[in-house]
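There are 2 protein chains.
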Amino acid sequence: MQKVIKIGLLGAGTVGSGVVKVLEMNRQQITERVGAELMIKKVLVRDCSKVRPFLANYQVTDKIEDILNDDEIEIVVELMGGLNPAKDYMLRAMEAGKNVVTANKDVVAQFGKEMFAKAEEKDVDFLFEASVGGGIPIITPLKQCLTANQVTEIMGIVNGTTNYMLTKMTECGSDYESVLKEAQEKGYAEANPSADVDGLDAARKAAILASLAFNTRVELKDVSVEGITKITPDDIEYAKNLGYVIKLLAVGKETQENGVDVRVHPVFLPKEHPLAAVNGVFNAIFVKGNAIGDAMFYGQGAGSLPTASAVVADVIEVSRDILHDNFGRVRCTCYEEKPICPLEKTKSSYYVRLLVDDKPGVLGYVATAFGNAGVSLESVIQTHRNIVDHAEIVAISHRVEHAQIEAALAALKALPVVDEIRSVIRVEQERG
Amino acid sequence: MQKVIKIGLLGAGTVGSGVVKVLEMNRQQITERVGAELMIKKVLVRDCSKVRPFLANYQVTDKIEDILNDDEIEIVVELMGGLNPAKDYMLRAMEAGKNVVTANKDVVAQFGKEMFAKAEEKDVDFLFEASVGGGIPIITPLKQCLTANQVTEIMGIVNGTTNYMLTKMTECGSDYESVLKEAQEKGYAEANPSADVDGLDAARKAAILASLAFNTRVELKDVSVEGITKITPDDIEYAKNLGYVIKLLAVGKETQENGVDVRVHPVFLPKEHPLAAVNGVFNAIFVKGNAIGDAMFYGQGAGSLPTASAVVADVIEVSRDILHDNFGRVRCTCYEEKPICPLEKTKSSYYVRLLVDDKPGVLGYVATAFGNAGVSLESVIQTHRNIVDHAEIVAISHRVEHAQIEAALAALKALPVVDEIRSVIRVEQERG
Numbered sequence: 001m002q003k004v005i006k007i008g009l010l011g012a013g014t015v016g017s018g019v020v021k022v023l024e025m026n027r028q029q030i031t032e033r034v035g036a037e038l039m040i041k042k043v044l045v046r047d048c049s050k051v052r053p054f055l056a057n058y059q060v061t062d063k064i065e066d067i068l069n070d071d072e073i074e075i076v077v078e079l080m081g082g083l084n085p086a087k088d089y090m091l092r093a094m095e096a097g098k099n100v101v102t103a104n105k106d107v108v109a110q111f112g113k114e115m116f117a118k119a120e121e122k123d124v125d126f127l128f129e130a131s132v133g134g135g136i137p138i139i140t141p142l143k144q145c146l147t148a149n150q151v152t153e154i155m156g157i158v159n160g161t162t163n164y165m166l167t168k169m170t171e172c173g174s175d176y177e178s179v180l181k182e183a184q185e186k187g188y189a190e191a192n193p194s195a196d197v198d199g200l201d202a203a204r205k206a207a208i209l210a211s212l213a214f215n216t217r218v219e220l221k222d223v224s225v226e227g228i229t230k231i232t233p234d235d236i237e238y239a240k241n242l243g244y245v246i247k248l249l250a251v252g253k254e255t256q257e258n259g260v261d262v263r264v265h266p267v268f269l270p271k272e273h274p275l276a277a278v279n280g281v282f283n284a285i286f287v288k289g290n291a292i293g294d295a296m297f298y299g300q301g302a303g304s305l306p307t308a309s310a311v312v313a314d315v316i317e318v319s320r321d322i323l324h325d326n327f328g329r330v331r332c333t334c335y336e337e338k339p340i341c342p343l344e345k346t347k348s349s350y351y352v353r354l355l356v357d358d359k360p361g362v363l364g365y366v367a368t369a370f371g372n373a374g375v376s377l378e379s380v381i382q383t384h385r386n387i388v389d390h391a392e393i394v395a396i397s398h399r400v401e402h403a404q405i406e407a408a409l410a411a412l413k414a415l416p417v418v419d420e421i422r423s424v425i426r427v428e429q430e431r432g
Numbered sequence: 001m002q003k004v005i006k007i008g009l010l011g012a013g014t015v016g017s018g019v020v021k022v023l024e025m026n027r028q029q030i031t032e033r034v035g036a037e038l039m040i041k042k043v044l045v046r047d048c049s050k051v052r053p054f055l056a057n058y059q060v061t062d063k064i065e066d067i068l069n070d071d072e073i074e075i076v077v078e079l080m081g082g083l084n085p086a087k088d089y090m091l092r093a094m095e096a097g098k099n100v101v102t103a104n105k106d107v108v109a110q111f112g113k114e115m116f117a118k119a120e121e122k123d124v125d126f127l128f129e130a131s132v133g134g135g136i137p138i139i140t141p142l143k144q145c146l147t148a149n150q151v152t153e154i155m156g157i158v159n160g161t162t163n164y165m166l167t168k169m170t171e172c173g174s175d176y177e178s179v180l181k182e183a184q185e186k187g188y189a190e191a192n193p194s195a196d197v198d199g200l201d202a203a204r205k206a207a208i209l210a211s212l213a214f215n216t217r218v219e220l221k222d223v224s225v226e227g228i229t230k231i232t233p234d235d236i237e238y239a240k241n242l243g244y245v246i247k248l249l250a251v252g253k254e255t256q257e258n259g260v261d262v263r264v265h266p267v268f269l270p271k272e273h274p275l276a277a278v279n280g281v282f283n284a285i286f287v288k289g290n291a292i293g294d295a296m297f298y299g300q301g302a303g304s305l306p307t308a309s310a311v312v313a314d315v316i317e318v319s320r321d322i323l324h325d326n327f328g329r330v331r332c333t334c335y336e337e338k339p340i341c342p343l344e345k346t347k348s349s350y351y352v353r354l355l356v357d358d359k360p361g362v363l364g365y366v367a368t369a370f371g372n373a374g375v376s377l378e379s380v381i382q383t384h385r386n387i388v389d390h391a392e393i394v395a396i397s398h399r400v401e402h403a404q405i406e407a408a409l410a411a412l413k414a415l416p417v418v419d420e421i422r423s424v425i426r427v428e429q430e431r432g
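In the order they appear, the protein sequences are chains A and B.
So the first sequence is numbered by the working numbering: it starts at 1 and just counts up by one.
So the second sequence is numbered by the working numbering: it starts at 1 and just counts up by one.
No lab work stands behind these hints: they were computed from the structure.
Heads up, some of the hints might be wrong.
Intra- or inter-copy, both count: the list cannot distinguish identical chains.
[Stated by the list, open to error] Distance condition first, Cα-Cα at most 30 Å in a straight line; then the derived DSBU-like pairs of lysine-lysine:
(1) K181 to K168
(2) K288 to K6
(3) K168 to K240
(4) K345 to K113
(5) K347 to K413
(6) K338 to K3
(7) K21 to K338
(8) K122 to K143
(9) K113 to K3
(10) K288 to K168
(11) K21 to K288
(12) K186 to K288
(13) K168 to K230
Please put together the full structure from these sequences, using the hints given.
So this is what it looks like as structure tokens:
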């Protein structure tokens with residue numbers, strides 16, 4: 001008789017309902033691929049009395065013990081989100097000898113070490129493909145397919161909300177506020193959009209990606225974060241005219257001198273770069289390795305079924321491990337302890353937009369201020385676009401340390417002819 | 001003491017030298033990731049007397065028995081290419097209890113069944129990530145990361161030579177012959193370019209991808225193939241004006257009524273489609289699944305180091321299996337036997353370009369011929385572009401069966417006002 005592998009599902013929200021649906025609609029194929037039947041035995045919900053038609057045929061409970069103490073359940077799938085009690089439940093599940101699959105970026109980014117240690121101690125699986133990039137396979141590729149490489153750089157569009165907003169701003173010339181309102185109406189942005197627009201969601205994913213890419217532990221606190229709230233239609237238009245698009249990127253680079261540099265911020269990206277064509281709610285992760293060269297993984301970064309695709313793929317992997325009685329084929333991959341590059345030592349090109357007095361000699365003062373700070377410029381434009389009585393100067397620097405651009409900005413701020421520093425945005429020079 | 005896993009390398013050409021280089025330059029990282037040292041113990045070459053500086057520190061042999069009879073060698077890496085003797089060597093290696101990693105699309109596409117059966121019989125691994133898409137992870141994603149899905153469609157740019165040529169034709173307006181010459185001078189195309197330009201290389205990869213995507217065996221003979229030799233600068237320009245780019249695609253679709261439809265041919269691809277931005281020697285594979293939606297995998301489809309990246313990743317997987325004493329976690333995934341959709345039943349939109357007499361009423365005759373064959377048209381343009389005394393008609397059809405377009409073409413050919421059927425190219429309507 002075919003073995004039945006029993007699952008305890010924690011959480012029945014967007015992704016949880018997707019997991020139920022995927023296991024139902026693809027039951028026959030999944031059974032063939034695993035060589036066993038997968039069955040959701042119990043579902044943990046906050047309120048058992050709430051009517052959920054998609055759970056009509058499932059046993060629901062509001063007590064975690066019903067799942068943790070059920071010896072038939074071999075896989076716990078955690079889809080509640082947030083740090084607590086999700087973290088506690090997962091640790092207890094592993095303590096009880098159960099394998100864990102999760103989509104929880106918060107727990108993986110902040111407490112990955114503890115989770116992996118527990119999985120190793122109890123010889124169970126702990127898989128988290130859905131924690132970054134929704135349905136896009138990126139964790140497994142980093143743990144398996146790209147292992148022949150030293151990864152030198154990883155850059156991702158890993159937040160669909162902000163990518164949707166920036167795409168709309170680029171296509172329609174709309175401003176930040178109106179695009180945010182539209183995203184909220186469509187359900188792409190939350191009522192309190194901070195986690196998305198301030199870059200914190202992307203920062204958690206950046207920490208996970210960098211940990212895997214560079215085989216060292218990077219935590220949320222190690223990531224320099226800047227959101228998209230200050231991006232204006234003017235910046236979008238300047239970017240376009242200069243051959244770029246603005247994207248919010250999670251960036252990880254390994255530097256020779258200063259360790260691992262991990263950040264989230266808007267970037268001027270050359271329009272020929274493969275990531276530049278990733279629009280709307282799509283996500284993509286671009287990886288540079290010393291053997292593979294450039295590679296990119298593209299797909300839907302959120303949503304019920306796409307995210308469930310990644311979760312169920314992990315469940316299938318665990319099930320294969322159960323059938324082979326062989327767990328933790330690849331455990332924590334943070335073999336090394338690399339230093340984190342301090343923000344002031346990170347290197348980048350910068351776009352700087354200034355409101356200045358409209359009189360002769362201003363460009364000279366500005367260029368001198370950049371030069372004195374050791375910042376050499378690739379291009380400078382002075383325009384009167386949409387401005388009365390003033391001018392704008394748009395400068396793009398060569399690659400400099402962040403400390404140098406900060407020094408230049410301080411000097412510019414002190415110049416009487418500079419009325420306002422309107423924007424400072426990093427520029428990616430490579431076209432991929 | 002750390003275990004040393006010993007490898008026998010068959011072939012020391014472009015990819016073989018890449019494998020040697022990757023294992024040397026990333027030795028420390030790979031050892032950490034595997035938990036054992038990987039060592040190339042012997043290299044099979046055709047001529048031992050040939051000087052190969054990159055093999056100075058390795059033992060070379062021209063006798064396959066030196067490797068097959070060496071009990072210390074646990075992994076045989078086959079990079080000779082071609083059907084024979086590569087297939088025979090791999091079967092004998094597995095017979096001798098050795099795991100096999102290969103980049104050989106010919107053998108996998110034509111004799112996959114036999115290879116998998118032998119691997120299962122001897123309980124060894126048989127891995128072939130590098131056989132499609134060079135360095136791009138696509139085999140592992142199909143066997144692991146996308147297993148929660150029913151894949152409905154897979155479309156790939158899987159031949160770098162033809163993609164380079166079509167990109168050049170698009171960017172520079174050059175004709176086929178001059179672009180082929182340039183590709184040959186740059187080493188992107190062979191002296192006899194047939195395998196690339198006639199689509200046979202892509203067809204082998206299409207067979208492998210479709211087998212994995214639809215869990216049924218698709219062999220080279222099941223693939224309808226058409227190359228790029230008939231593409232003209234006029235077609236490229238019409239495509240551009242209509243909002244498309246021309247790409248050579250490997251296409252696999254599962255149809256409800258007629259089984260699995262697998263083909264290789266040029267396609268008008270909407271310029272918004274993610275594959276449309278894949279230029280030069282880059283490859284990409286686009287997958288539609290019923291859970292994940294659209295996903296794409298992008299990277300370098302050929303070259304020494306990128307291909308070696310995929311080969312060595314497989315070697316690392318086998319090594320992990322050796323350390324866990326657990327082989328064939330995922331074996332042949334062709335669980336089903338699905339019929340192959342006959343060419344005449346395949347469905348597509350078509351672009352048809354005709355040279356016609358330049359007189360009133362011609363458009364009516366042409367439209368009627370299409371209509372009588374049951375082909376409804378989405379658009380028709382009549383122009384005098386670069387033509388004296390004649391006109392051209394460019395029609396784009398709605399989705400029809402191939403048999404219908406064939407019937408329409410036969411009727412058009414019989415029309416006195418139609419002087420020449422200049423091009424017939426399929427059109428992909430979805431923007432991805």
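Going through the hints against the structure:
1. Taking the closest pair of Cα atoms, K181 and K168 come within 30 Å of each other only inside a single copy of the chain (12 Å); across copies the shortest separation is 43 Å, beyond that limit.
2. In this homomeric assembly, K288 and K6 come within 30 Å of each other (Cα to Cα) only across copies, at 28 Å, whereas the closest approach inside a single copy is 39 Å.
3. For a Cα distance limit of 30 Å, the shortest separation of K168 from K240 qualifies both inside one copy, at 14 Å, and across copies, at 25 Å.
4. In this assembly of identical chains, K345 and K113 lie within 30 Å of each other by CA distance solely inside one copy; the values are 27 Å within and 55 Å between copies.
5. Taking CA atoms no more than 30 Å apart as the test, K347 paired with K413 passes inside one copy only; the shortest distance there is 22 Å, against 64 Å between copies.
6. In this assembly of identical chains, K338 and K3 lie within 30 Å of each other by CA distance solely across copies; the values are 26 Å between and 44 Å within a copy.
7. Proximity of K21 to K338 under the C-alpha cut-off of 30 Å is restricted to the inter-copy arrangement: shortest distance 25 Å between copies versus 42 Å within a copy.
8. In this assembly of identical chains, K122 and K143 lie within 30 Å of each other by CA distance both inside one copy and across copies; the values are 21 Å within and 27 Å between.
9. Only between protomers do K113 and K3 lie at most 30 Å apart by alpha-carbon distance; the minimum there is 26 Å, versus 33 Å within a single protomer.
10. In the homo-oligomer, the alpha carbons of K288 and K168 lie at most 30 Å apart both inside one protomer (28 Å) and across protomers (25 Å), since each shortest distance falls under that limit.
11. In this homomeric assembly, K21 and K288 come within 30 Å of each other (Cα to Cα) only across copies, at 17 Å, whereas the closest approach inside a single copy is 36 Å.
12. Taking the shortest alpha-carbon separations for K186 and K288, only the inter-copy value of 24 Å comes in at or below 30 Å, while the best intra-copy value is 35 Å.
13. For the identical chains of this complex, K168 and K230 are intra-copy neighbours only, at 15 Å inside a copy versus 40 Å across copies, given an alpha-carbon limit of 30 Å.
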